[in-house]
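Q: Spelled out, the chains give:
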Amino acid sequence: MTSFDGGMTRREALCRIGGSASAAAALAVGDLPAGSPAASQKTKAFIWDAHGHLGGARTPEESIARSLRYADRMGIERVVVSMGMSFVYDPTPEELRRQNDDVLRAVRFAPERVFGFVYVNPKHVAESLQEMDRCVRDGPMVGVKLWVAMHCNEPSLDPIVRRAAELKAPILQHTFLKVTGNLPGESTPADLVELARRHPDASFLCAHTGADWERGIRWIREAKNIASEISGSDPTAGMVEMAVRELGAERVIYGSDFPGRSFASQLAKVDSAELSEAARRLILGENLRRMLLPILTAKGIRA
Amino acid sequence: MIVDVNVSLSRWPLRRLPCDETPRLVAKLKQHGVTQAWAGSFDGLLHRDIAGVNARLADECRRWGQGLLLPFGSINPLLPDWTEDVRRCREDLRMPGIRLHPNYHGYALTNPIFSEVLALAEKRGLIVQLVARMDDARVQHPLMRVPDVDLKPLGELLASRPKLRLVLLNGSGALRDEARKRVGALRNVWMDIATLEGVGGVAALLEDVPVEQVVFGSHGPLFSFESALLKMRESELSAQALAAILHENARRLLGT
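Just so you know, the sequences run in chain order A and B. All residue numbers for the first sequence refer to my numbering, where the first residue is 650 and numbers rise by one. All residue numbers for the second sequence refer to my numbering, where the first residue is 277 and numbers rise by one.
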């Protein structure tokens, strides 16, 4: 079995939290006070994190090693990583390639734990398609990341989405609903709904669910090929409960937006929610696994 | 054993919360091993009858707190005769401290009235809880946009009041790098962890602020209590640091 940083194997990491879907359960067997209600809700489950990045270190390898050390402490088995060591809003083709090279290094560092999503820019469609071929079709990556270069309802995204669907690669699209004003190319959940309606055969993750999640959840409610990805906002109580109520647990997916966000604060959204254990298992890992399974199977990646 | 220095009672103005009824909040806190929680009131954000807010807060803590809730009354120094509210908090309601929301009440820390509040709190031996933010300014309701408190003047204001005890709530994440170190260097300031973000956030905070000045705060029930709890696990902390943050520092601060 692979040994991770600190000499802890994945099985040990999972055992450390009592084999539970609930990260708070860890506290009952660790060095913090016992008595968490989550500790009494132990289930066999795994945690996959749908949203992470690199940064805060000198190299991609150092960055992902650091994040995986913390992931181990939280019982997180696998993580999705996209974009490179620096954040570039509107990357040139050359920058795209460099960013994706960083992620390829992170994937190579821990291939059994890190899923790479290729970063593309719809302002450079041909080069983005080349990157999808290089990193997904011919490489180890298993999804597509779109950030803030252009609103995602623009027609220039269509070839990218068609290629993603051909490759069975889900698309993680950043969305925000800022009362302070979005960035010029920053998408809203409404933009994503437009795109998803044009591509019913593609799978989308609505990253952050708009952050203003009470509106974001409503926006995506009728677009069945969009899942709510819950990362990147404050751990406000009630978010996951509303998402499950309005979308169904099958369309809600845990993500953190590490390392900028804490694994802990984002896991707490799920851990604290009043849910069935079956729903919690779906959100923490089973939904993402189901979404990725076609491409993982096609690539022969164990899952 | 946990002392949570940052909970609020009553209703968040914009949304019902899973634990916004005091008995449910208390049950949740107890289940997680909380033995004491310092409670303000959401009503203190917008209500103008602050005396009524504080009286209800004290009553709610007594009625439902099971000995766990410790009330911290809200003070709005822009209201007429606010010093009487301070007196009532101390003398009538036996509160150990007060909670300030400068951004909701409409004054900056550079306003001389803030210095007056600090002076009176210091004189009366009250702990001051200064709340830097309640929620993310980027996603607030369009009719209730409240920017974070600008904490830059804090260092200078507190340096001249060494006897004052000030707990910065929801502020440790907003302060960056040198600013956090500067505030952390003041020995009469404590910071909670409720809005800390980034992997290993608590460990990172301890690089800037002495462990003796970090306290456990959840910002529940607006935030999931589990967020603060899990952050304590995410960072690799010594047993001494855990004990200090979870309860010892708050108890020492309270003088118990």
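Worth flagging that the hints you see were computed from the coordinates, not collected in a lab. Please note: incorrect hints may appear among the correct ones.
According to the in silico footprint, chain A covers these stretches of chain B (three or more CB under 8 Å from chain A) [unchecked claim]:
#, region
1, 292 to 301
2, 381 to 394
3, 403 to 413
4, 416 to 427
5, 523 to 531
Think of the CB as a built atom: it goes at the ideal place given N, C-alpha and C, for glycine as much as any other residue.
Q: Would you mind marking each hint as holding or not holding in the structure?
A: Quick rundown of the hints versus the structure:
1. Taking a C-beta to C-beta cut-off of 8 Å, the region 292 to 301 of chain B contributes 4 residues in contact with chain A, enough for the three needed, and the coverage statement holds.
2. With 0 residues having a beta carbon nearer than 8 Å to a beta carbon of chain A, the region 381 to 394 of chain B misses the requirement of three or more and the stated coverage is violated.
3. Restraint check on the region 403 to 413 of chain B versus chain A: 3 residues with Cβ-Cβ distances below 8 Å, three needed, restraint holds.
4. Coverage of the region 416 to 427 of chain B by chain A holds in this model, with 4 residues showing a Cβ closer than 8 Å to a Cβ of that chain against a need of three.
5. For a cut-off of 8 Å, the count of residues in the region 523 to 531 of chain B with a CB near a CB of chain A stands at 0, and the three-residue condition is violated.
Checked against the numbered hints given earlier, this structure breaks hints 2, 5; the rest are met.
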